[in-house]
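Based on the hints, put chains G, Y and B in the right spot on chain L.
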Amino acid sequence: MLWQTGKKDMLDLALGLMLFISALLSLHSKDTMKSGVFFIIFGFLSGLIWVRLEAPDVALVEIILGSAITGLLIFKLVKGSKQKDLKAFTFTRLWAGFISFLILIFMLFHLTTIERQDRIASLVFENLHKSGVDSAVNAVLLNFRGYDTLLEVGVITLAIFGLLSLGLKREAYYWDNPLLKGFSRLSLPFIVFFSLYITYLGTFSVGGAFQGGALLAGGLVLFALAGQALPLKASIIYIFTMAGLGVFSLIGLLYALLGYGFLTYPLELSTISIMIIELSIWISTAFLLYTAYSGKL
Amino acid sequence: MEKLAVLSLLLSSFFASIIISLLKEERVFLRSLVNVVAAVYKLFVISYLIWSVYKGITFEIRYPIVPFADFYLRIDPLALLFVSLSSFLWLLTTIYAIGYLEGSPNRRRFFTFFNLAVTSTMGIALAGNIFTFFLFYELLTLSTYPLVVHRSTSKALKAGGIYLLYTILGGSLFMLCLVLLYVFVGDGNFYTGGNPKVKNWAMENSLMAKLLFYGFFFAMAVKSAVFPLHQWLTKAMVAPAPVSALLHAVAVVKAGAFGIVRLVYELYGVDLVQSMNLWQPLAYLTAFTILFGSSMAIFQEELKKRLAYSTISHISYIILGVLLPGQLSTMGALLHLVNHGIMKITLFMCLGNYAEKYDVHKFKELDGVGRRMPLTTLAFTIASLGLIGVPMTAGYLTKKYLEAGAKSAGEEWAVYVFYISSILSTLYLIPIVFKAWFGKSKEEVKGRKLEVNPLMLIPPLITAFLTLFFGIFPEGPISPLKWIRYIASREYGG
Amino acid sequence: MISFDLGYLIVLPLLASIFSLISPIRVYIALAFSLLSFLLSVYSFLYTLRDNTPLYQWIGGWTPPLGIGLRLDGLSGFFLLMIGIVSLFVALYSISFFNVEYKRQGRFFWFFFFFLWAGLNAFFLSEDLFNLYVALEVLSLTAVILVALPGYKKAIKASLNYLFLSILASMFYLLGIAMLYANYGVLSMSLLSQKLSDTQEFIYALFPITIALAIKSALLPFHFWLPPAHSSTVAPASALLSSLVIKPPAYLMLRLWMEVLPKDKSLEYLSIVLSIMGALAIFIGSYYAIRQKTIKRLLAYSTVAQMGYLFIMVPLYYHGEILKEAVLQAFALQVFSHALAKASMFLSSGNAIYVAKRDELSYMPGFAHSHPFTFFALFFSGATLIGLPLSAGFVAKFLFLELSIKLGFFLHGGIMLLGSLLASLYVYPIWKECFSSHPTKFYDKPIPQLMEISAFLLGFLAFSSGMITGFLLEGIARG
Amino acid sequence: MIWFYYILAILLVIISLYHFIVARNYVKRLIALNILGSGVFLFFITTAKNTNTESPDPVPHALVLTGIVVAVSATAIAVSLILHLNKEEE
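Those protein sequences? They're chains L, G, Y and B, same order as listed. Heads up: the first sequence begins at 1207 in my numbering, then just goes up one per residue. Heads up: the second sequence begins at 6 in my numbering, then just goes up one per residue. Heads up: the third sequence begins at 5 in my numbering, then just goes up one per residue. Heads up: the fourth sequence begins at 118 in my numbering, then just goes up one per residue.
None of these hints come from the bench; they were simulated from the model. As the structure is a computational prediction, the values presented were derived from the model and not from experiment. Quick reminder that beta carbons are idealized off the backbone N, C-alpha and C, glycines included. Among the hints, erroneous ones may be present.
[To be verified] Pairwise CB distance ranges (calculated): (1) P286/G to Y51/Y: 52 to 62 Å; (2) L460/G to D448/Y: 28 to 38 Å; (3) F1312/L to L202/B: 27 to 37 Å; (4) L415/Y to Q236/G: 24 to 34 Å; (5) L425/Y to L28/G: 30 to 40 Å; (6) V188/G to L202/B: 49 to 59 Å; (7) D448/Y to P286/G: 53 to 63 Å; (8) P286/G to Y291/Y: 30 to 40 Å; (9) N210/G to L425/Y: 25 to 35 Å; (10) S1235/L to S270/Y: 36 to 46 Å.
[As the list claims (entries may be wrong)] Output of the computed footprint for chain B on chain L, the stretches with three or more beta carbons under 8 Å from beta carbons of chain B: (11) 1230 to 1237; (12) 1245 to 1257; (13) 1265 to 1279; (14) 1295 to 1303; (15) 1316 to 1322; (16) 1325 to 1333.
This is chain L alone, in the form it adopts within the complex (with noise of 0.2 Å):
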């Protein structure tokens, strides 16, 4: 009803304005606890806003990773630390401004020179019945720029790996109340069911890898939040982080030595491969968050 009256540009504008608003406050505060607040709120606007924009896969993930568990690790920071932003030099603050401004006229003119045109969009949906998912997005990730992807896996690889190399030995933060402990136990199951659920609707429509995996991760912290260490074996779990990047380079690699070529799926056989592959997407986006999270495995 709201959407389809002439209501949705005011919409637009008061999303836009207030996403505009709470960014300027998170930047602009003196204490970091009220920007870390700020931020959170603002992560939730934008994800509003890519849901208006149409772009409903992004919003999920923007919610659940750019608000959700971005929000929380600044919180981690925050938390500790009573810092009050220091007040810079104003030599830096005018050459900043200058250059700020430079680059706003800049990109005012580069505006005008942007017209509506139909760039990859109708490939997309032409070869999209050969990609072997139906969902135009996951296609695209999956399928048409499935390198891209390897190498993003590799990215969330490389960041798990990274953190347990720093080794951070402090305890992680928890909040030992049995009422928390009680009901992430009782839940756990569930989001882990729902997390599945959400990666196989990509396959068709909103949904998919990173959306279940980050939600995964949600439940893993809101358990681990109560103090409880995770049911999984350690090991289990080191080669549930290496899965992702295994699984999807041994994919590549197989079709490779099958001679159709580097991850080049089969038209039969892409729809099982996507399948595999996003599992392991799943998982190991889970554990990346997880260990962001908690430090250590």
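Using the frame of chain L, we list chains G, Y and B on its own:
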């Protein structure tokens, strides 16, 4: 087969240096064996090459190693002259060094770079184009730097620093001229009588050609210690005796002089140098260096410094001979290239013996050394007489040809320069000889002849004998005169 | 035989990084896979010589603009060879380094090492702008973690600054891609170059991309993060960083300027600015390098100086009708010689610190007396940095001088010559320390054989590769 | 309406760049970087919407998805480094 011979000349000492670098420090005998075998092998190859070049066959190797130029080794009479001189003197220096460095540390490193220096000298002699010449010219810098700083005392390090500074500056100037040459002319090969492409290029833009000539000249003058660029030589005296013998008589300084010979005769060509009157200002400069070197030598208390200044002046003999027009002065120059090498190496070896045996470094410590070390001092005397240019010695020959050349070129002033310089030479050499023979030494001579061990005694005696032999029988079988006359005639289109 | 697929060059190191996590057989996996990857990169280099047209491969069979293209031409083949050589010797060095020092970090080092190798191969093969962004991100994050590897405060602070600047640069680069995509709707470089010939809008996108690549390759105004980052980490890591990780952004900048963007006036002025920055980088980098007291900071500043050479070359392309191959040859050889020489020097500095336990130059052990092979490594790689003949550095300088004189850029030629003189000013102290026989400099602690040999071979290769540059550059000459 | 989001994206990029240069403590700089990222992603998604096909162009969506995940990994590493520094300071 010939290709292999030319390459093996170069590679024999290169492999020797690699083998030595792999040998442990304690394997003294094996290391000396490898050294001597490499040197002797080179002499055999050279005798074979002389025999075949005499029959008129010339061979060359050409590999395209770099997009703009190729690696070009070539045997021609001039190259052979320098190759035979340096490899013969190298054999003697190697034997001398083995004796001299008995029991001193780091000989593994010393002989590795010693052989690397030999390789680069061979390369300099055999280079067929200016690019390959430059490759080995700079490799010579690299391989002699560790030799100069071998003692690694703070003084040696400072001397090494200055040496490196001069040679790298010279190297950069050389590189700039090389690039200009390859950009404007595109070909840097040496042709007897001058490179035709360079000639007709020089016809149009003579200013650029003149600048390029001076650039090349001064780049090589750094190594041959012409007046403004000579400080590094006197400072490098801090190196051990075989190194200073090597630097002054055989490798570094001669490489610079040989480069100028190549530049004047084989790149620009004699008639071009004369017609564009390139040589006049440089002749005055080298003449000044001759007088400057000899006069400074008189006041040096340090014996090795004195010889260093004498080298500065005598190398400029060669360059002046090259610059003066006329076949006679060319012959004089090439003759001095050989004779000075032999005589100066004898002097340095004798000084090395004095320093090693009785720790004699200063002029005043020389009293009575002659009586205690008669043979070494005899060699020293013969060599210094040769340097002065006393008849019956090789030195006299060069003086005769240089003066005749100067007269024939109509440059009277050059003749006087040679006279004055030989007088100055007597002033700084004869006092040493007198003090050594007739000076009153405090402790008495006891027991048998207290000479250095044979390894250090024989080389100077051989070279002293050669100075006499070349002087007495200039036309003799092994004397270079006939060979030099043949080269000079080719250069002047004979 | 299995057909040659560019994917192997990326997947093999990735799998190696995964398998190297299995702790018991880590060293054997490391050795086996580094040899295998080295052979693969040599094969791909030889492949470019054999086949004349550049080899294109569309991943997944989707031709651009839909899919991502991998391209193996003369230039990328040459750089793959460079990466292979440096990585192999750094791997050999690290095998003995990590069972002697920093044992705890050794566990994860191999993962980052092979991952870096995969990222570098992916970068030089890729032909798609967004894919280059992800590869750049892979390189930066791995580099950041490698800088933070030792774990003490100085390294963490340096890696944090490095991380912030590299995230900023990546975001700028992404902004540039977004602007290009908004205007032309295409991500692959070859298609982009066709579309760019008529219009003018690419200037806007070029600005953020150039800033981003300048930050990542530590060009002058943005070079502050490099010295602390490269000097505070373990020797093999700083060898990889200094010789390999900061080269891709410079390579991408040059490729964008030469192949993708059309030759037009406004670009020329921007290229002049770049070359001024490059020249300043040489002088200021060398000035600071000469003043440094510790060997690693000296080498880090020398990297800043040597990177300046790469950016001087950009305006050359715009003058006269010279072929772009000539500029690419000089560029590629300069990168090659600096990579090998700098890696060998960092490894030797690792040996120095292993023996002397201190980083200061005055405490550097007199290698000329005690450890001949490390001395030869420093000696040959120093000669390559200065650009003495027979070394690849010399030929690179010669090619560049020839180009700049042919086009009348005497100033650039002069800067290059002056640069090599300055280089000798900061290489000389290292040689002097190697030779000095000051009593505090005698250490009889032997360095493990493998560490010395790998440093020496890298240095010797850098020096002697001058002889085979004709063969090396053949691929690039063909374009 | 497209131009509104474009300007919004540019403004986000500008203010976060300004604050990145001005901010002195690490947390503020990290937040500035994340907002800069969101600005760039907004620019991308608006370009996706700026087509004449009825549903938006999926390629920028995939790119932004990858971008967000990479940004999160970078932030995770940054957070761990900052924690390491704070731990050292105490």
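Please count how many residues of the segment 1245 to 1257 of chain L have a CB within 8 Å of a CB from chain B and say whether that reaches 3.
holds (count 6)
Per the hint of 24 to 34 Å, is the separation of the Cβ atoms of L415/Y and Q236/G within bounds?
holds (31 Å)
Can you let me know if the beta-carbon spacing of F1312/L and L202/B is within 27 to 37 Å?
holds (35 Å)
Coverage assertion for the segment 1230 to 1237 of chain L with respect to chain B, Cβ distance below 8 Å, three residues required:
holds (count 4)
Given the hint of 36 to 46 Å, is the C-beta distance from S1235/L to S270/Y inside that range or not?
Since the Cβ atoms of S1235/L and S270/Y sit about 41 Å apart, the hinted range of 36 to 46 Å holds.
Count the residues of the segment 1316 to 1322 of chain L whose CB lies closer than 8 Å to any CB of chain B, then report whether that count reaches three.
holds (count 3)
Can you tell me whether the CB distance of L425/Y to L28/G sits inside 30 to 40 Å?
holds (36 Å)
Is it true that the C-beta distance of N210/G to L425/Y lies inside 25 to 35 Å, as the hint says?
Given about 28 Å between the Cβ atoms, the range holds.
Test coverage of the segment 1325 to 1333 of chain L by chain B using CB-CB distances below 8 Å; three residues minimum.
Holds: 6 residues of the segment 1325 to 1333 of chain L have a Cβ under 8 Å from chain B.
Using the beta carbons of P286/G and Y51/Y, state whether their distance is inside 52 to 62 Å or not.
holds (57 Å)
Against chain B, does the segment 1265 to 1279 of chain L show at least 3 residues with beta-carbon separation below 8 Å?
holds (count 7)
CB-CB spacing for D448/Y and L460/G relative to the 28 to 38 Å hint
holds (31 Å)
The structure fails none of the hints (numbered hints given earlier).
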